[in-house]
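Engineer: If you want the building blocks of each chain, they are given just below.
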Amino acid sequence: MGERLLEVKDLNVKFATEDGIVQAVDGLSFELERGRVLGIVGESGSGKSVTAMTLMGLTRGINARFGGEVLYKGTDLLEVSDRDMQNYRGNELGMIFQDPMTSLNPVYRIGAQIAEAIQAHKKVDRRGARARTIELLHQVGIPNPESRVDDFPHQFSGGMRQRAMIAMALSCNPSVLIADEPTTALDVTIQAQIVELVSRLKDDFNSAVIFITHDLGVIADIADEIIVMYAGRVVERGSKRDIFYDPQMPYTWGLLGSIPRLDRPRPERLHTIKGSPPSLINAPEGCKFRPRCPHAFDKCMQEPGLENRVETPGHLDRCWLDVDYKREHRDETISGDSVEAA
Amino acid sequence: MVAYIIRRIFGMLLVLLAVSFIVYFIFIVIPGGDPAQRIAGKVATQANILAIRQKLGLDRSFIVQWYDLVKALFTAKLVSYSNQTNVVGQIKQGLPATFSLAIGAGIIWFGFGVLVGTISAVTAGRISDRAITALALIGISMPVAWLGLILRFFLAGDGGSGVSWFPDGSYVPLTSNPAQWFYHLILPWFTLAVLFIGFYGRVLRSNILDTINEDFVRTAKAKGLSTHRILVKHVLRASLIPIVTLFGLDFASVLGGGAIITETVYNLHGVGWYAAQSIQSEDLPPLMGVTLFGAMFIVVFSLLVDIAYAYLDPRIRLS
Amino acid sequence: MRSKRGTSVAIAAVVAAGLALVVSACGGGSSGGSNNTTSAPAGKTFPTLKVVWGTTDYLDPGLSYRLASWQLFQDVYLGLVVKAHVSCQTDNCAKIEPGLATTTGKVTDGGKDFEFTLRKGIKYSNGEPVKASDFKATIIRDFKLNSPGIGFFSNIVGVDACEANPTKCSDISGIVTDDTAGTVEIKLKTPESDFLYILSIPFTAVVPASTPQKDTENPPPAANGPYYITSYNPSKSFTIKRNPNWKKNEIPAVPNGNPDTIQGTMTDDQSQSAQLVASGQYMYNQNLLPVDRLSFYKQKYPDQIKFFTTPSTYYFFMNTRLAPFDNLKARQAVNYAIDRQQLVNLRGGLGVPTWNFLPPSYPQYKKITPTPYPYDLQKAKQLVQQSGTAGQKVTVYTISDVAVDLSTGEYLQSQLNKIGWKASLKPIAGANYFTIVGNQSTKAQIGFTDWFEDFPYPSDWFNVLLNGERITKVHNNNYGNVDVKSANKEMNRLASLPPDQALSASTNAAWAKVDRTLIVDHAAVAPYLNGILTSFFSSKMNPDCDVFTDNQDDLAQFCLK
Amino acid sequence: MQAAPPPNVFESVATTGQEEFTLDTAAELAAEEGATQIQGKSPWVLAGRRLRRNYVALAFLGVFLLVVVCCLLAPVYVSQVSHIPQNDVRTGAVVVVSGKKVNVISQGGTKIVNGQPVIKFGGVPIGSQWGAAGGKYILGADELGRDVATRLLYGGRNSLFIGITSAAICTILSVVLALVSAYFGGIVDWIISRFFDLIWAFPVVLLGIALGTALSVNGFHHGPINISSGSLWIPIGVISFVFIPYIGRPLRGQVLALRNREFIEAATAQGAGPVRIMFSELLPNVASSVLVLFTLIVANSILTEVGLSFLGAGVQLPNPSWGTMIQEGSRLLSTAPQISLFPGIAIALTVLSLNVFGDGLRDALDPRAKIRIEHG
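Chains as they are written, first to last, in this note's numbering: chain A, 84 to 425; chain B, 944 to 1262; chain C, 18 to 578; chain D, 4 to 379.
Chain A on its own, in the form it takes in the complex (with noise of 0.2 Å):
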């Protein structure tokens, strides 16, 4: 077990809005040692993105209001003010976002951009900022960095956009680097060779990853523990085994299911979850899944603690159903459905 980086508890943020309070998370906690990779998924408004931005302090404004406690390095980051946060941002924890298009500024160099972090934290002149960043891009396998880095960003494909973010995001060995889904916007070649990079620049920089995304497939091979949140709650949480051979939520059956599997024989169709993501401002009674779950009962109306109902200690879930059940219906789901029609 590495140094204890961070560690956070019982965190949760609501956002006043118009239309009423939005409870984006509602009680994550969870811990990261060094050189741990921690995967967190769950669809578009599960409060997976607000979690990372969270943690970055870059949700902070005045009709956001948080709970519980972010550790790193045993300083609660919550707390912090925003001009102390600058010295923890970029150098402390690092942050790669979505759409490389967009999260590049297009009137800058890329090589000016990246020494421009560089520079933010570290005492070192221009050439030296210039040369670290020719390294960086290297580092991230950008081929001929040398004359690259003077380019500007829509000189660069989406993917060495991509690589050019990370360089950015590592440029001050940060402890702890959040990935917010960043091969989203990727096709899935690109996907595999920057999970690759991310995998492989954790150990260079001897650094821990969050690595968000909605397709567990991405990390399928990365992370080294998986948190399923839905609704701005953790429903189930588990090492990587766990959570792809023993789930516990019905949730994390139907991500299985839609993934594409070649270990398997290839179903007519994949399984779809049907309908979609509760409101975060007048949520559904119980467990926030019971609507869309096809084995939802009557217990569902009262919502079920994150606990280990299994074997394995760390193995949590919130799920009234029987595990036994659990285990002998899950394969329908997860295998697709192939066997009757929906």
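Be aware that one or more of the hints could be misleading.
Below, computed lysine to aspartate or glutamate pairings styled on DMTMM-like, alpha-carbon distance capped at 20 Å [to be verified]: (1) C/Lys398 to D/Asp91; (2) B/Lys1020 to C/Asp277; (3) C/Lys435 to C/Asp393.
Covered stretches of chain D, going by a simulated chain C footprint (3 or more residues, C-beta under 8 Å) [as the list claims (entries may be wrong)]: (4) 83-94; (5) 101-115; (6) 121-131; (7) 173-186; (8) 201-207.
Keep in mind that the hints were calculated from the coordinates and are not lab data.
These numbers were taken from a predicted model, which means no experiment stands behind them.
All C-beta atoms in this analysis are idealised placements derived from N, C-alpha and C, irrespective of residue type, glycine included.
Given the structure of chain A, go ahead and fit chains B, C and D onto it with the hints provided.
Structural biologist: Here is chains B, C and D on its own, set in the frame of chain A:
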């Protein structure tokens, strides 16, 4: 890039020729403005009116007259009908006043415009934003002529209000007395700049508010840059680009003697004032000269603005 | 000469005041130079006189027809005879005095032959001597320049060829000069009462024969007077210095002058020029004071402002060839419909109401009593009804860029509407106004006009403005096309008298009768006021030195406190 | 927001053994779900809702309408209150001000005392009476004794009429030009764009004055158009001509962007002619920009009319306009400031309310502020 510029210059010459044609056409419409009669003076006989008309070449065809006029203008030999003074010479005499007014006012309205726009954007929604927006709107709604008169009445000379912090219009050459030059131009600068400060402020404010929501600003924050640095290096840089184009064109029109009313109200004997004079007496040559002078600035600056735009925003290729 | 006074602050005026230089003959002109002239006491010289001046058309004596230039020329360009530089506010207006010539001329052949002999040793500012042939060269130069003044030479023998083709003019047989003897002889076709005056205006001021025959302004031609113009920047500034070749008291009628140099800055903005003098930067303001600030300035600088009535008449012309003003009753109605005191108020009080056409300062002026057309709207309305022209359309012409003249036009239009006509206003830019109104094809019915004398003799008024035989198709000065046969005959008779009869008591009475008949019997025009000018001095100047000859101050005689 | 659906709705579908999941079942499914049907709100309705909430914009719209109504009621004001027609010169008139007889124009006078004129300064019009003179000269008199308040209202009629009409004509002209040039493209687009550049290259005020002065001498008599020299249509023609590029260029840009969108190709595929496409397809999409640009151009053309009249190239005297009144009053600023002050205030108020309302309209119609005003 060079090919582009050459093509644009060719376009410019075309526009200038067309402008000179239109000015000439407008003034053929005036009846009774026959300059020959006016020059002939009180006891002119029919004979010498014809002689003058010949001397000025007014009896030849429309096209030939226009061609002569434009050729004379470009060879700086064009002479005004009413008082035989050289048009290009008079325009040159007006340059110091017009340039001082334009450059001074330009600096003020660009500077304050950016300042006002940034403040009201950064403090969006709060009192300062509302106050600045209100002032900006009032600034835009002021008729320049009236504003000039009121300022001159309340603040200048012994306009009657007893208060005389500023001199009562007129231009003092920079070379002869820089302090007086500055002192005499404060009011005209302000009068001219008020309209633009308000306008630029509001355009910049809406640009900044758009840019602040862009993703790359969030990236900049995530990099741990200070808010000040983000505002200046990223937000302002991106949102100032449209302002540059606006400024280019407005500054060109004022430099070309466009601030006719300000120059007339404050009696700055600049190019604009000279234009107003020549229009009053329906004197075609000076008007042709001043209009082309103004149009030249506008077309040249619109080219400069396009080049600046391409330089500022690398995404734009000069086709 | 028409006036185009400096206008309001809002629209910088087109051109400065166009007042004529007055040359009046009081008493016999033939005797040798009488020496009761009171030029300014010597020993009052001072280095620089800084003046604020109205802009002008030209600074070439052969071309300019504006007061702003003529007021400078009086101390720079001298003719054979000159106007005495004496104050003439009472009735003995400025007299004709010998200038370059030794006398005011030997008049023979019944007033048709004038002979002058030049003074010896007079030099121009460029060193050339003044020769007799320079006079003839000057007149020919005027023709070559197409000068507005060539109309004055129409009575000289042998001038027809030049009038027909001015630019090709080479010789005038009526003028004979002899350089060795220094004599100039001028033969006239008919006797002319005002010819001596014509010889004293800038058009006939002698310039060197070598002066280029085109508009020479920077610098203007060499001068033979006490001063010469060293530089001129059109509509901006001018500098005048003492003429190095001027010998003291060489010409008694012309003062040697107090200031060594005269620095002039030119602007038409009345309030700005008043400002410059009030603040002491400049010492004399030639522009009018802004009308609305008059009481302010009078009360703040009581002893620095002087007012002078001028020989000028503001009147409305009425086109007697067009309805409704071909009808006498209609013209009388207009005279009743205008309140002359209100028209004076429009000018801030700078005017004296009048019902005569001739200005009061003339010996030929006799106030028409009882007042012919007292202000009476009811009577005016009756007359319009009786004239049978009620309801007709009438267009009032006025000058658009001189604020006071514009308001006067609006006043007349409103009054004509009140008494029964459908009046509309047609404002035209000052530069073109008199050309357009003077063109018969415009068919102008009624409109604003004013007249400042070229010289103080009734012929410059009646023969030019109200004589039926002088109506022309283009550039007509008789806007009303007034054509009263009896009056025409009388005017022509009185205008062609030899100089000695020109000012006799009987001639003066005859001119006064012409004035009366045209106004009372024919209501040919509707005169309403004589103009008043202001002279504003800075605190450093001593206003008592100011010599206001007929309608201008003599810069040479200014002096410090 | 979705109401919570009844439990086990999926089972009911699965068990009824229907073969195919077709569109009808989806609608039926939705109906059963009881989700409230989302009524389609047109952008205009949405804009209307946003505008209604913007009280400031509505308040200033009210101010503008108030000014327009007051100016339209000018004749009523004359008959009921001031009893002084707009061009009625009353230099000699006397008015009873709270009991005392007062000259409308202070009487001057000149006496000649031994050759020197002694002048009693006159010609100063009375200031604002605010009702002390019983409805007469509420805002004071001008140099010819005319009632400033009456002329302010009549002048307003002229200035507003010129401003609004010229803005309307200019908008119509430039919309047509923008549509034609963007739709047809090619040589048509080139010509119209060069036309825009040409007018754009002209110094606006100079062109306005030149045209205004040229036409004001004898009017415009060419072909069918026969405008007398004093009519308001000359400044209207001048101002609408001068502002065409201000609307034409941004609009052309927007229409170009829409030009090759799918729904246009679809319309052409259905055999729609160019006119139908331009006016029923393209125009509605830029209608919001047109409306916003219109309000801003009205404000600008009123200011330009004032400028032109100030320099004598707009409304011809004696008819009043806010511009001519400012110019007339400028000479008497120290003794009778009311002549220039009140028209100035009226203009500033009108143009301010137009600008604020235009702002509110733009925020309501186009919250993402797509329109860039290219040239101030």
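Engineer: For the segment 83-94 of chain D, does the count of residues with a C-beta closer than 8 Å to a C-beta of chain C reach 3?
Structural biologist: holds (count 4)
Engineer: Hint check: C/Lys398 vs D/Asp91, CA-CA at most 20 Å. Holds or violated?
Structural biologist: It holds: about 16 Å lies between the C-alpha atoms, which stays within 20 Å.
Engineer: Check the hint pairing C/Lys435 with C/Asp393 against an upper bound of 20 Å on the C-alpha distance.
Structural biologist: Measuring from Cα to Cα gives roughly 12 Å; hence the hint holds.
Engineer: Per the coverage rule (Cβ-Cβ under 8 Å, at least three residues), is the segment 121-131 of chain D covered by chain C?
Structural biologist: holds (count 6)
Engineer: Do three or more residues of the segment 201-207 of chain D come closer than 8 Å to chain C, measuring C-beta to C-beta?
Structural biologist: Our answer is that it is violated, as 0 residues pass the Cβ test (under 8 Å) against chain C, missing three.
Engineer: Please verify whether B/Lys1020 and C/Asp277 have alpha carbons no more than 20 Å apart.
Structural biologist: The given pair, whose Cα atoms are some 36 Å apart, is violated under the 20 Å limit.
Engineer: For the segment 101-115 of chain D, does the count of residues with a C-beta closer than 8 Å to a C-beta of chain C reach 3?
Structural biologist: holds (count 7)
Engineer: How about the segment 173-186 of chain D: do at least three of its residues have a C-beta closer than 8 Å to a C-beta of chain C?
Structural biologist: With 0 residues in contact (Cβ-Cβ under 8 Å with chain C), the coverage given for the segment 173-186 of chain D is violated.
Of the numbered hints given earlier, the model fails hints 2, 7 and 8; all others are met.
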